[in-house]
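Fit chain B to the known structure of chain A by using the hints.
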Amino acid sequence: MAKGFKIDLNKCVGCHACVVACSIENGLEPGESWRSVHTYNRGEVSDIPHFHLSLSCNHCSDAPCIKQCPAKAISRNSDTGIIEIDELKCVGCKFCTWVCPYDAPKYKEQAGVMGKCTMCSHRVSEDLEPACVSVCPTGALEFEEIEDQVINPDIPGFPQRGLSPALKIKDVDPSRLYPEQYVNPYPDELLKLYGSSVDDTSSKISLKKEWVLLVFTLMFTILGGLLSSAVFKGVQLEPLLFGIAGIGGMALSSVHLGKKFRSFRSIFNLGSSWLSREIFFYSVFIGSSLLYLFFPDMKAAGYSAVFFSLISAYSIDMLYHSTASENPELFHSSQITLSLLFLIFYLNNFIFGFTFIAVLKVTLYIKRHIRREARPLKYLFLPFLRILFLALPVVLIFIPSPWFPVLSMVFFTLGEIIDRSEFYIELDIITPEKDMEKKFQIALKKK
Amino acid sequence: MKILTSACPRDCYSTCSFRVSLRDGRIGLIEPHPGNKATGEGVCLKGLSYAERVYHPDRILHPLKKTDGTFKRISWDEALSDIENNIRDIHKNYGPGSILYYAATGTKGILNGVGKNFWEKTGGCSTTYGDLCWPTGLEATRLTLGDNIHNAPWDIENAGLIIMWGKNGAETNVHQMKYIEKAQSKGSKFIVIDPRRTESAARADMLISPKPGSDGALALGIANLLIKKDHVDNKFISNNVYGYEEFRTLVEKYSPEVVSEITDVPEVQIYEIAEMIGKIKPVTISAGFGMQRYSNSGQTMRSMISLLAITGNIGIPGGGWVYANLQSHIFDEVKDPLAFYPPEKQAGNINYSVPVASVAETILTRKDPPVKMIWVERGNPITQNPDTNLMIKAFRSLNYVVVIDQFLTDTAREADLVLPSKTMFEQSDIINAYWHSYIQLKQKIIDPPGEVKPESEIYYLLAKRMGINNDELKGKIPEPNDEAVENFLKEKLKKFPGITLGELKKGPLPAPGSKDVAFDDLIFKTPSGKIEIYSEEAVERWGVDELPQYKEPDFYKNKEKYPFMFMTPNTKNRIHSQFGNLSHISQFASGISVFINPIDASEKNIREKEDVTVFNDRGELKGKAVFDFGLKKGCIVVTNGWWLSEGGCVNSLSEGKETDMGYGAAFHETMVNIKRGG
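Same order as they appear, the protein sequences are chains A and B.
Take the first sequence: its position 436, counting from 1, is numbered 436 in this note's numbering, and each next residue is one higher.
Here this note's numbering = 1-based position in the second sequence + 1000.
It is worth saying that the hints were derived from the structure and are not from the lab.
Misleading hints may appear alongside valid ones.
To be verified - Cut-off 25 Å, straight-line C-alpha distance, at most; resulting in silico cross-link-like pairs (DSS-like, lysine-lysine):
hint : chain 1 : residue 1 : chain 2 : residue 2
1    : B       : K1186     : A       : K170
2    : B       : K1211     : B       : K1182
3    : A       : K6        : B       : K1182
Just chain A, same shape as in the assembly:
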């Protein structure tokens, strides 16, 4: 049985020695430590416990980071069970930070690669404890054999996703949850106001950071649709323009890589990484598209392009589905596969097909909005537009006009931008910090 960390919430006083020791031992910049201390009930609201949860990598048995790393840079050491990142293989795509619910992989700004807790294997091999354990002044952090064990699912700050983390958490003793104290009663209004102000943990995925991906996925959808119209309807496309757009899209989505010259490694993990698959299938799609556009006689290349456009659309959807997101739905209105199918049907005049997809998309879209908390009416303007932008092309196709096809494409694109933007805004990666905040809000509401 492999060794792992044990945290005793009764002993930890949030001193942060573990965080600093990790940085110093592993030569990390302050703020890039592989260990973090998450604090529950920072504001000391009475009758709610206050405690700290010190977390690093849990070296999960079923680790999504290994599976999803496109460059095969993350692996498990078969001797020690420790999950290691090979800095020479890492491309710095940060996708592992999207799939880990414990926020374990940390980006090294200067090196442009990811790093994470190695359990101080260099120390452990010399019979020393990991640095964080060695310096813990209260003995809250220990390093010991981890048997199969169950962690209380209610512990704030430890989201459970069935990954079998190699970690023990000793929960706060029920008799020591919080001190008996007499405080001036807080007005409900105040707690409500406080509840709304503490929820400011920053999101890993946001539209501001991810607009490049939004542009890329939209462009891909349009290219896929156009290509199908070339294959099935013989519409003339300019191969050069298509190539520039297709290859440009790829280049655009790799600008954020920490190690651009290693980007070829991104397709090394076709076996399990949806990111690898997406990049690979997309490349095949662009490749066969260009082959077909330059040599229209090669029908097989055209069919292959259509086929691979759908496969890569599905890969993109699966990629987002495989993240540690708060709403891990595969089936939603801004799914790329649906959008691409709509466009293929639409541009090839398959009325039943695109009407069906449009209705499906609108249904899913409305469903998503109903699930949200009630908001003032003005926020319904964008959803209204989004539905309108999908309905208009469906109607306009029946009215013959030289302008309407172009206009329809514009409407479709605008609608997709709204839908996809909302998707990125809502796609929130769960982190210990967010999990704590969520559970704290629930505790506040109970008060």
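Just chain B, lined up with the frame of chain A:
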């Protein structure tokens, strides 16, 4: 890689033993030394951050002289000439008494004494008496128990009831928490008394939050119930307590109702804590330092000790008064707090004439002799002494200011000449402690970087320039080399055959004669030989009542104009003003937070994270409002140690005045108001 033994010389309870790793000549990870039973479990983030501090780009590596308002690098030769000329000028024009030698507690070590030796050899100086930190509690303890010793740190595990009173061990003495948790897991009860729900209170059974400055009344109220319910140890009292009958009469008027009114603690809690102290044994009270920086706090501390005396909780395992454990102070001829007091007759040429609580005022007003020059080492009086604005004015009124420091602190910025100072790794020294009783060697591990010279070397070179010959310096100031320093230390160790430098290089050694249970022999070095709840010496020396009377602290009077009590507790991130400038530390606290009870905040229309200004007649401090639901209503908290260059410091609001005993500073008596906007 090499691993070397050392010990942390900061003014901190824990005074950890270190195992320092040296990788390619650089300080790396610092780990606990298991030879120190009190701190062997781990080290704190500050200790770890030495790896950054030593090599910090802002470190001062050569002398700096201020010309036209900016600092310019000068050579040691120029720096020493500059000092020599200024000292000679002042000697000629005003006399040596116009030089104020100001040394604080930034670093421990017996070599610190060479400073005083230097001034003694060169004609003398004025210096401070009293202490900013803890003398009031020390004096209260000395008057009551006869000595400042307490049970070993790990003994708290044996307590049935632990009361952490005005102390936040989780942040200021983190190693204590291990033993408290051990006690709790065995079923002991744990009470925290603090106006804040501190980190230490997280796992406590009860939190009692009295109004700051009213703790004395709370103690007397508890005593009232203990006596009324006959929860006292009559046998212990008759054998070991002096003045019980008088005390009994005194506490009669402190009924729960009266005390609840004074302290704003609900009566039910006074009953509860009295019940627990009465029924559970043994009881340990671990009291903090902040609480004894009020005008009434000597008596407050005495009343708290009285609770242990009347219940027989002194001199037993798991029981007692944990305030200061000076068992390792074996090198001092006079033990604290007496060492802080001005000699009854000034002997020699060092004039202990400046009360540390009012350094600024003395500089500005003293005429005979006037203060013309200040020499500051191991201290940062601009931000850490009371009344920062007055202190700045005082510094700017001086002819010549010399500051020795590692960084350009707010005090160093006021200097005419800044000299670089060593870190703990750059000169060997022997240090004591005040929580555990180990003697430790703070070992030299690396050479000082740049042109840094340890203070002893500066003094040596300066003494030579001032014409002091080698014979006179013998045993007073070591020659500037490692061997001479070791010999100097060996000389000091001669009296203690069990302690050698060689052994100390391996690890800490318990001070000779130190014991785990203080007062186990029930010998109390008081005039009566007993625990003196009633102290005639208190009257003679300090003019307070023989009994630990509760007197309302002075600052409540300012409530009309400034309705909030201002608290400035220490955090885990700093030792006073040290460490906050390191990025390994500032990542956890960047920017000044003003903690306020949300009800108070809403009355002032203050929203969270909003810019606010805290102010009174002496100054102001700006920061971001942070809601603290665990903070007593009517209190505002800004943690201690911020630099003016970080946006402000807490002592801009405090006042320089003395406590009721021990020549301490009552600078926690601060009333303020708060307003929106920065």
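Checked hints:
Our distance criterion of 25 Å between C-alpha atoms is met by B/K1186 and A/K170, whose separation comes to about 16 Å. At most 25 Å may separate the alpha-carbon atoms for a hinted pair to count; B/K1211 and B/K1182 exceed this at roughly 30 Å. For the given pair, A/K6 sits about 17 Å from B/K1182 by alpha-carbon distance, which is consistent with the 25 Å threshold.
Of the hints listed earlier, the one the structure fails to meet is number 2.
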